[in-house]
Amino acid sequence: MTSRSVPQWPDAAPAPPPAGRCWTVFDLAARGTTARDWHRRLTVAGLDAELVTVPEPQLTGWIEALPPAFGELASRRHVGWRVAAVGPEHAVLALRACAVEAGLMDAELHLHADRRTHRRVYCPHCGATTLAAGDRFRCAGCARTLLVHDHVSLSSGRYLGSVDTPDAAPGAAR
Amino acid sequence: MTGDDRLTVAAVEQTTVDVRSYVLTSHRPLRPYEPGSHLVVGLDGVRTCYSLTDDGTAPDAYRISVRRTGRGGLSDALHDTVRVGGQLSVSGPRSAFPPVPHARHHLFVAAGIGITPILSHLGAARRWGRSCSVVYGYRSGAAAHLELVRRLAGADLVEAPGRTALASAVAEAVERQPVGTHLYACGPRAVLDLVTDRCAAAGWPPERVHVEHFTAPDLDAGAPFEVLVRSSGRRLPVPAGVSLLEVLERDGVAVDHLCRTGVCGRCRIGVLAGTPEHRDLVLPAALRDAADRMYPCVSRAGTAELELDL
Amino acid sequence: MTTAPRTPDTAPSYATPLAELAWPFEPGADTYRYWINVERGRRPVATAAGSWGRHVLEVDGGYPAVMAERTAILDREPRRCSALPHALPAAWEALEFGLAEIAPQRPDLFRLQRGDDGVLRWRNDLLGTRWSARTGDPLVDGAHPLAALAGQVQEDLFLLGPREDRLYVDAVAATFTGSWSSSFSLGMSFADLHSPVPRIRDSGMVDRTERFLLSLDPGDVYRRTNWSIYDSGRLDASLEASHRRDPGHAVRSATEHRYGSLRLRVELQHLVRLPATGALLFLIKTQLAAFADIVTVPQWAGQLRSVLAELPEDMAAYKGFARYRPGLLDWFDL
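Residue numbers (our numbering), protein chains in the order written: chain A, 1 to 174; chain B, 1001 to 1310; chain C, 2001 to 2334.
Pulled out of the complex, with its shape left as it was, chain A reads as follows:
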């Protein structure tokens, strides 16, 4: 059973609403032409829209550098700015976390994950975050083998992991 904290993405990407004053559209190695279509649609609607494209090979490094970079970008914008992003889930969720940290709210974000290739996973045993490809992975911080839970923190864009013990029910407050 999938926890309801795990985002459910529709198959087709819904177009961003022609709201706000200006937009930044992030093409995070997205499939097809979704990001470009969004950008064109916003421009046609008379909104000031810029397109930022991150190719697949650069995506991991780009995510690592994102927190200060996004904060710097946001500091040059005003209320009325909207952000759209499409790409693999881990990149979209990482961007969402930075956007919220910069002060944006859901009404100002238009996000879509077109696939789930990796997950950024938090290790409660050591506090490290690891980019994991499968359900079981080696923690980058403590080297323990962790199991990914169906539990997501949208505020940090991370899944929860833990060592697999028979009495450790993956759960939240009872």
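In case anyone wonders, no lab produced these hints; they're calculated from the structure. Be aware that a few hints might be false.
Claimed, not checked - Reference listing, derived: stretches of chain C covered by chain B, where coverage requires no fewer than 3 residues with Cβ under 8 Å from a Cβ of chain B:
1) 2087 to 2100
2) 2215 to 2224
3) 2276 to 2285
Backbone N, C-alpha and C fix where the C-beta goes; we use that ideal spot for every residue, glycine too.
We have chain A already, so just place chains B and C on it with the hints.
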């Protein structure tokens, strides 16, 4: 304080020609309150909400400022009858206009006596080092608390004497607020409409704009509808011109309430079926479509019937 | 597959005095389900062995042992305490509330003073704590104000802040949670936080609970209890520490029929609507009692057996005893 409490009028100050500030104290410790909270003052069976002007963290007194309207009513009665050493019946403080603590910046807009909750917010922002700026519109010579606002806001204050100056100050301010700003406005309806219109035009999501009405608008009588009270299974007609709260009270259904004007939020009830027509000033913009709750003192039904969680 | 060496389980075993145990079952009830079993706080409740519930934060007979364990955990893992930057005012309000709550309970050990200069002074002779600070200081004795409170009280502490009519976890200071990760929960919404809990997530109960919390008046205090079955007297059952536990312990306890060493793990939860910030302070006091001790109280023995026998399978699994329920019930009947 949960029910009504008697507070002593420790001081009365003539703040401007038509505004008086009342300092209310008690022999018991006064409960802290959120910035933007109000006190419900009762006099001869009439109750009205007044904003508290301090930041609320550790109150030594409750301070309210009341403008004489010249139209009678509670505000004028306070001016006419309340003297130092007298007592006032109050309840609260209640919070219906709180700050958004995680905002990256706070823009406060006040018009006239609408400065009262903004003064509270400004004090709290300064106490906690929150980034803020203030636009204060007033009639020349009639600006309540102007010296205090100037002292607290310093260089972060834009003064706008007159409606035209306020309109251009607001228009300019909403265009250049940092990402993550929340706006709080208090003033007459026309000013609040101006603020929300300007924000919408500048691309602000409504969730960032918080307005506090200091007078409730006159509402039309509305269409008749019916409610079903879940606990009793009783079906009650609500005629045009009669509030749902009154109908419930007459039928013996107790609903906690204070202002009866859709301002204070005390009478909130749950709705199980049907769609309410919200006419209150409590629900934030993002929840104007909420179907699971309503304020029966002013709100009515958008459907022929509502089922109430009472 | 490689596994890092397991850290030996050195956590001390803790037992709550039965006279202070917040017995979580309704008098006379033979069954248990999740419900919003909340009631007003600050009202003492008599149990078959004693009483509980007089205070919101309570210094009980286990205070020295619990504080020693908490200090050891926080020294080792400071990330058990974390806070979003905007939570500072609420953390300060929680600190002042919490210290004012415990100070009168042990005037021989604690002293709280607010000077005319506005400086708050705290002294705890049992723990050797002494500090002074001004309301709003970012650090109190070198720690975030919520962590400073956690260092003086037995309860786990959470600050929930309202945003757009929802609640979010704005600050955490917790060392004794059940099998979930408090450090992961920082910043999460109330709904997402509870999403893995069976039965309650789809029942609308989380939404109803959140509505209830948001409707609390300034200064309101409510409480509820919750419980589970646990295999040891370790206070720290958190996911953070799950690698420190011996994975075979629970199974062995059951297969070797050492049911008397199982523990009833009770969470006494309090909710306080802090009036100056509007934040909700959520407190969990964890209590542990061995089955062997519980059955010395006849009313408790009978009621606990009935509840455990009747509980549906999924809830039994979540409460931690589904795998060995038949043997456990037989043990009660010995």
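Quick rundown of the hints versus the structure:
1. 2087 to 2100: holds (count 5)
2. 2215 to 2224: holds (count 4)
3. 2276 to 2285: That given contact holds, which follows from 3 residues of the region 2276 to 2285 of chain C lying within Cβ reach (below 8 Å) of chain B.
Checked against the numbered hints above, the structure violates none of them.
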